[in-house]
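Chemist: Here's the letter readout for the chains.
2 protein chains.
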Amino acid sequence: MTDAAPGGPFGVRLRSAVAERGNLCVGIDPHPALLESWGLGVSAAGVSEFARRAMAAFGDLVPAVKPQVAFFEEYGSAGLAVLEDLLGEISTAGALSVADAKRGDIGSTMAGYARAWLADDAPLACDALTVSPYLGVGSLDAAFEAAADSGRGVFVLARTSNPEAGGLQNAVGERGTVAQSVVDEVRRRNDAVSEGGVGSFGVVVGATVADPPRLDALRGPVLMPGVGEQGGSLADVRRIAGSALPDTLVNISRHVLRAGPDVETMRSVVAELSHRYRFVDAS
Amino acid sequence: MTDAAPGGPFGVRLRSAVAERGNLCVGIDPHPALLESWGLGVSAAGVSEFARRAMAAFGDLVPAVKPQVAFFEEYGSAGLAVLEDLLGEISTAGALSVADAKRGDIGSTMAGYARAWLADDAPLACDALTVSPYLGVGSLDAAFEAAADSGRGVFVLARTSNPEAGGLQNAVGERGTVAQSVVDEVRRRNDAVSEGGVGSFGVVVGATVADPPRLDALRGPVLMPGVGEQGGSLADVRRIAGSALPDTLVNISRHVLRAGPDVETMRSVVAELSHRYRFVDAS
Chain A
1 MTDAAPGGPF GVRLRSAVAE RGNLCVGIDP HPALLESWGL GVSAAGVSEF ARRAMAAFGD
61 LVPAVKPQVA FFEEYGSAGL AVLEDLLGEI STAGALSVAD AKRGDIGSTM AGYARAWLAD
121 DAPLACDALT VSPYLGVGSL DAAFEAAADS GRGVFVLART SNPEAGGLQN AVGERGTVAQ
181 SVVDEVRRRN DAVSEGGVGS FGVVVGATVA DPPRLDALRG PVLMPGVGEQ GGSLADVRRI
241 AGSALPDTLV NISRHVLRAG PDVETMRSVV AELSHRYRFV DAS
Chain B
284 MTDAAPGGPF GVRLRSAVAE RGNLCVGIDP HPALLESWGL GVSAAGVSEF ARRAMAAFGD
344 LVPAVKPQVA FFEEYGSAGL AVLEDLLGEI STAGALSVAD AKRGDIGSTM AGYARAWLAD
404 DAPLACDALT VSPYLGVGSL DAAFEAAADS GRGVFVLART SNPEAGGLQN AVGERGTVAQ
464 SVVDEVRRRN DAVSEGGVGS FGVVVGATVA DPPRLDALRG PVLMPGVGEQ GGSLADVRRI
524 AGSALPDTLV NISRHVLRAG PDVETMRSVV AELSHRYRFV DAS
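Chains as they are written, first to last, in my numbering: chain A, 1 to 283; chain B, 284 to 566.
For the record, the hints were derived by calculation from the structure and aren't laboratory data.
We put the beta carbon where it would ideally sit given N, CA and C, even for glycine.
Check before you lean on any hint, since a few could be wrong.
[Stated by the list, open to error] Far from chain B, by Cβ distances over 12 Å, these chain A residues were calculated:
| no. | residue |
| --- | --- |
| 1 | Q68 |
| 2 | K102 |
| 3 | R187 |
| 4 | L234 |
| 5 | S268 |
| 6 | D281 |
[Claimed, not checked] Selected chain A positions facing chain B (in silico; Cβ < 8 Å):
| no. | residue |
| --- | --- |
| 7 | E84 |
| 8 | T109 |
| 9 | A122 |
| 10 | S139 |
| 11 | A210 |
| 12 | R214 |
| 13 | R258 |
Assemble the whole structure, with the sequences as input and the hints as a guide.
Modeler: Below, the structure is given as structure tokens:
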């Protein structure tokens with residue numbers, strides 16, 4: 001369990017973490033093939049040991065750690081118990097936890113997901129949650145509200161790198177493309193933030209998309225997967241993030257985790273990447 | 284745990300269940316206000332007792348029971364343990380379980396969700412899972428494949444009733460509106476089904492939408508919330524479902540659950556609704 005998030009709103013805490021540790025976010029994605037290649041069981045116990053080694057390797061090096069919830073959920077309640085422990089360990093290591101759950105629902109049901117992930121007393125409380133806007137960004141308001149109340153954050157899927165995404169995310173509505181509308185609606189929820197400040201509501205945009213939405217006015221964090229093995233370059237990150245670059249978390253998971261199970265080897269990989277993906281001067 | 288789904292593909296099993304019990308699907312949505320009004324604790328133990336009473340009231344009356352996953356997830360691993368038990372009890376009662384989780388991700392991560400919900404040996408194995416297509420219907424292929432392999436089903440969100448949904452779901456891409464494209468892509472995955480047969484891949488369409496996608500060619504089941512307190516009428520259901528009417532599950536949750544906690548009172552409500560929402564002759 002993560003206790004009440006100290007230190008103010010998520011956006012501000014993220015800035016502080018990034019100033020100290022750089023802009024690299026590493027995922028904890030214990031999928032079966034990785035568990036096997038690490039010599040671990042394909043089980044909740046295997047996932048627990050995987051998470052322990054990953055945290056030993058980079059928990060104290062990066063500003064944010066992103067557990068991929070699917071790989072815990074596949075072991076049911078036993079997997080979620082491992083995730084509960086991991087979220088606490090991420091906090092203990094001084095990193096922010098980004099639960100990559102891509103939840104999305106409406107009304108009272110979305111409020112249930114918000115209580116699950118974004119409330120102080122929740123077993124699965126994280127620092128920020130990824131959410132999916134198929135039901136409209138407005139359907140996610142319970143998450144925005146819960147995050148604002150508890151100093152947590154939300155990353156809304158906007159434009160993703162996978163090849164099947166374009167048809168939907170580039171469809172055009174009354175306010176432009178779906179992807180741009182998502183960014184604009186999230187931006188509107190950060191509007192109370194003063195000039196030069198940063199909100200706690202962010203978006204997910206892949207580093208490999210040729211037609212990204214404009215992020216300059218977002219005033220919130222950006223979570224950007226797709227770098228490295230998936231083809232995105234440092235230049236892509238700069239191009240897509242624009243003025244949101246200082247508040248951008250570059251997510252790299254596979255490249256790091258494939259360097260395991262040796263903790264020191266993973267640590268070296270992360271140290272090098274952390275140096276490369278640092279967009280603000282060390283404080 | 285639900286054991287290996289017997290009796291063939293989900294679409295066929297659903298037809299058989301509907302012929303026997305009608306087209307009404309009831310949700311198990313133990314949100315905190317309901318728990319309190321039933322005199323139960325807002326806790327995993329309260330949720331467990333809520334589910335027990337709901338199953339006693341209607342588990343043997345309806346073809347399908349739909350647990351709303353958010354209201355279990357908010358208690359973390361303890362809540363998911365309750366859901367694991369409930370999924371088994373739904374099966375024991377002779378109903379099909381529809382886990383309303385609205386999961387959606389890409390590639391190996393979607394495969395993780397598919398293993399979580401659509402595999403025979405999964406602690407959370409259900410008969411059908413709701414999924415969300417913001418990342419493109421193609422991103423959900425791991426779920427379609429897992430469902431086909433294990434005789435389970437998938438319901439993809441297409442056009443929902445909530446007021447915030449229209450901007451995105453009515454946006455227009457190369458293949459028409461987002462909602463229609465989702466239906467068409469799901470339909471394509473049912474295309475191997477012969478004339479008059481039914482596939483296992485369905486869609487979610489709300490009963491209150493004025494501009495629903497065409498469902499006539501789907502050859503798969505339809506999950507339709509929004510009836511009753513939310514404003515949708517029997518005429519709306521008929522209009523929207525079209526020729527998919529026999530394979531349509533009309534979902535009503537609040538109206539039933541508010542009749543609790545008395546089991547017999549809920550049972551009477553469900554019996555009356557089951558009579559009203561029956562679109563095929565009793566077998």
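Chemist: If a hint holds in the structure, say so; if it doesn't, say that too.
Modeler: Against the structure, the hints come out as follows:
no., hint, result
1, Q68, "6 Å, violated"
2, K102, "6 Å, violated"
3, R187, "15 Å, holds"
4, L234, "23 Å, holds"
5, S268, "25 Å, holds"
6, D281, "34 Å, holds"
7, E84, "6 Å, holds"
8, T109, "5 Å, holds"
9, A122, "7 Å, holds"
10, S139, "5 Å, holds"
11, A210, "16 Å, violated"
12, R214, "17 Å, violated"
13, R258, "13 Å, violated"
Consistency note: the structure conflicts with the earlier hints numbered 1, 2, 11, 12 and 13.
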